[in-house]
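Number of protein chains: 2
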Amino acid sequence: MTTRQDCLVLDAQDPLASLRDQFVLPAGRIYLDGNSLGVLPRTTPKRVAQVVTQEWGEDLIESWNKAGWIDLPQRIGDKIARLVGAGAGELVAADSTSVNLFKVLSAALTIAKADAPERAVVLSERGNFPTDLYIAEALAKQRDCELVLTDSPDEIGTHLASGRVAVMMLTQVDYKSGRLHDMAALTRTAHEHGTLALWDLAHSAGALPVALNAAGADFAVGCGYKYLNGGPGAPAFVWVHPRHAERFWQPLSGWMGHAAPFEFMPDYRPAAGIARYLCGTPALLSMAALECGVDSVLAAEPLGGMAALRSKSLALTDLFIALVEQRCAGQGLAVITPREHGLRGSQVALARDVGAYAIVQALIARGVVGDFRAPDVLRFGFTPLYVRFVDVWDAVEHLQQVLEGGEWRDARFNRKAAVT
Amino acid sequence: MTTRQDCLVLDAQDPLASLRDQFVLPAGRIYLDGNSLGVLPRTTPKRVAQVVTQEWGEDLIESWNKAGWIDLPQRIGDKIARLVGAGAGELVAADSTSVNLFKVLSAALTIAKADAPERAVVLSERGNFPTDLYIAEALAKQRDCELVLTDSPDEIGTHLASGRVAVMMLTQVDYKSGRLHDMAALTRTAHEHGTLALWDLAHSAGALPVALNAAGADFAVGCGYKYLNGGPGAPAFVWVHPRHAERFWQPLSGWMGHAAPFEFMPDYRPAAGIARYLCGTPALLSMAALECGVDSVLAAEPLGGMAALRSKSLALTDLFIALVEQRCAGQGLAVITPREHGLRGSQVALARDVGAYAIVQALIARGVVGDFRAPDVLRFGFTPLYVRFVDVWDAVEHLQQVLEGGEWRDARFNRKAAVT
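Those protein sequences? They're chains A and B, same order as listed.
First residue of the first sequence: 294, per the working numbering; consecutive thereafter.
First residue of the second sequence: 294, per the working numbering; consecutive thereafter.
Some clues are possibly wrong.
Just so you know, same-sequence chains aren't split out, so a pair can sit in one copy or run between any two.
Stated by the list, open to error - For lysine-lysine, the following BS3-like pairs were computed, each having C-alpha atoms within a straight-line distance of at most 27 Å:
no.	residue 1	residue 2
1	Lys-359	Lys-339
2	Lys-709	Lys-469
3	Lys-372	Lys-339
4	Lys-359	Lys-372
5	Lys-359	Lys-469
6	Lys-359	Lys-709
In case anyone wonders, no lab produced these hints; they're calculated from the structure.
These figures come from a predicted structure and were not determined experimentally.
Assemble the whole structure, with the sequences as input and the hints as a guide.
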């Protein structure tokens with residue numbers, strides 16, 4: 294059985310250990326919720342303060358040129374592109390994931406309809422992150438399409454084979470179970486059946502190697518505030534394969550996506566390439582923080598980059614699963630995240646019939662921060678940039694104590710907060 | 294003729310003078326561009342730093358409850374509502390103006406179509422801010438409507454009388470000329486002809502009294518980074534009259550607009566009231582700065598609020614117009630902003646056949662910051678919260694010197710920057 298000492302040795306040998314020094318970690322806590330909100334990079338407070346006091350406070354509108362505000366969506370986009378297997382100039386940081394999804398799903402449906410008018414299905418999974426389903430529901434209604442939701446990944450191929458699917462819209466890593474889809478294989482199958490493939494990378498960008506171009510994907514969106522450490526509500530990103538980027542005006546045709554925004558012309562003329570997927574003026578304070586977050590992931594490049602981070606992530610989640618099974622056996626926990634590496638993201642989800650919410654609260658009270666997802670899931674994220682092997686060991690130690698002592702039955706852990 | 298000494302006396306007598314102390318003003322400059330980007334409130338750096346280092350860095354996801362992140366769009370929305378004549382619970386801060394315009398124009402077209410299916414015109418002005426026109430152009434195309442643009446405000450009534458207009462979409466104060474529409478009268482006329490009235494308050498919220506409910510307006514959007522001093526790219530706002538708010542799912546149906554976002558249900562169920570106009574996770578750093586900016590305008594409430602700010606604003610623009618006409622006569626400048634108070638916003642636009650861009654650059658080099666709007670407009674904004682009468686005098690002094698000395702002909706003032 295792995296001991297705490299073994300974990301300290303693993304940390305001492307970890308070639309990525311120094312990356313942790315980039316972050317301000319919350320005092321006295323083991324933070325296993327980077328899949329909800331990544332931690333604060335040390336560079337961020339100073340950079341945000343510089344934008345506030347110097348670029349805004351002192352230079353004001355001059356900063357559009359002098360500080361390069363106008364280029365930020367592309368500059369940050371190019372950096373994110375390196376993390377998700379996209380090319381420079383193919384991706385921009387902008388708006389929220391939901392808004393970006395609206396843009397690309399609109400584009401995908403328009404392109405699909407032009408190429409194959411009889412196709413009228415948007416295919417997704419019932420377990421997909423709700424905001425994706427809500428946006429798809431509204432767009433499907435607007436376009437007279439049907440939103441078809443699968444209950445198991447095994448059904449996806451059958452639906453694609455029907456020849457009715459215009460767009461397959463999947464999140465690469467399931468937000469709840471942590472299950473990872475094979476992007477390349479599913480995209481290939483979709484294309485074989487004449488379907489466009491749209492990927493949400495919310496739980497994969499910065500968490501594991503993503504290869505959008507190698508997979509031949511059509512569209513992608515992703516989140517800035519999870520594994521990219523961009524801060525609460527950080528701008529999201531949007532990628533469109535160059536073969537599609539100029540085929541369509543996306544309907545959120547705001548001035549930042551215009552070919553010449555500062556010429557103030559009354560007619561819309563979309564910018565070349567991905568820039569037409571911009572809409573309004575970007576939230577620059579949040580954009581500045583996003584860039585620091587993305588840089589914190591890019592800092593792994595000299596140490597092996599996403600591949601090295603992936604190896605550590607799998608080692609962390611392997612260890613967590615093994616320790617939970619060894620030390621919490623008979624406590625009613627089921628590991629619902631796949632064991633197979635090829636099917637696992639960077640988190641582990643445990644299900645328990647009773648008390649899942651309260652156990653998460655009891656752990657938080659002890660300083661182990663995971664989160665609860667209704668109805669019965671305890672979710673633990675392992676961001677390889679800053680989670681250590683000893684953190685995994687200590688987290689399971691606390692989990693075992695919470696379960697064995699029955700501490701979670703305490704009333705204070707069973708009162709639900711507004712946001713859980 | 295007004296002297297500089299007269300202006301110093303006016304400032305000494307100004308009952309709003311103390312409000313200026315709320316801001317960090319750029320050293321050695323006269324800033325007349327608050328209609329493009331408002332200045333930095335003194336409270337903002339500390340508040341943003343608190344969100345970054347404490348709420349994000351230390352408390353992390355706990356801040357959704359503990360720091361009230363989840364309520365920010367409504368909390369800030371209620372504050373903005375006080376500035377624009379709307380009720381509590383009727384307005385939210387979210388996304389960009391362009392994105393919000395997409396939401397409300399979608400809603401307006403859907404409602405108009407339900408009530409009067411034969412109406413298929415969106416009416417606006419050719420001189421409206423381009424992003425508004427771009428969004429309307431895309432939506433009109435999508436909904437098989439026609440976007441009709443007037444060249445003069447006098448034409449609006451004629452178009453409304455045609456009975457074909459579904460939605461009248463106007464910006465209350467023209468971004469270029471500074472012309473102010475009579476919101477109450479135009480809304481009344483629109484309603485008499487069965488047309489919905491949608492107002493963009495980008496250049497009026499925080500600049501002059503706005504009375505959405507008293508005017509009976511139907512929809513409104515506005516900008517957070519101009520007269521609300523919310524910082525570069527600050528989130529915008531959206532208001533829907535309660536009689537319409539629940540009639541329609543707006544198509545950007547993201548999870549923050551769901552009735553129960555943290556229940557993670559696969560089906561969309563819109564929140565009650567204006568909350569359904571939220572979409573994705575808000576950019577919280579930018580939201581925090583927006584709140585400080587809105588508070589800087591609300592600080593005028595004990596001193597007479599928007600009515601007092603309006604009096605000062607008109608006194609400032611009256612003075613600027615008078616001094617320009619006295620001191621720059623014969624220099625080819627035409628005042629294109631209306632003289633009549635009821636038709637004037639909080640800026641003055643001057644047109645000049647030749648050299649408008651270079652004159653603006655020469656003024657900036659002297660520390661007088663206005664901006665250029667193609668093809669021939671010099672635009673000067675007078676934010677009554679922080680612009681003094683002596684600033685007006687000094688600005689005109691510099692303008693006179695730049696024109697009389699021919700300084701603007703210098704080559705360095707004639708090179709265009711990327712963003713002008």
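Structure versus earlier hints - violations, ascending order: none
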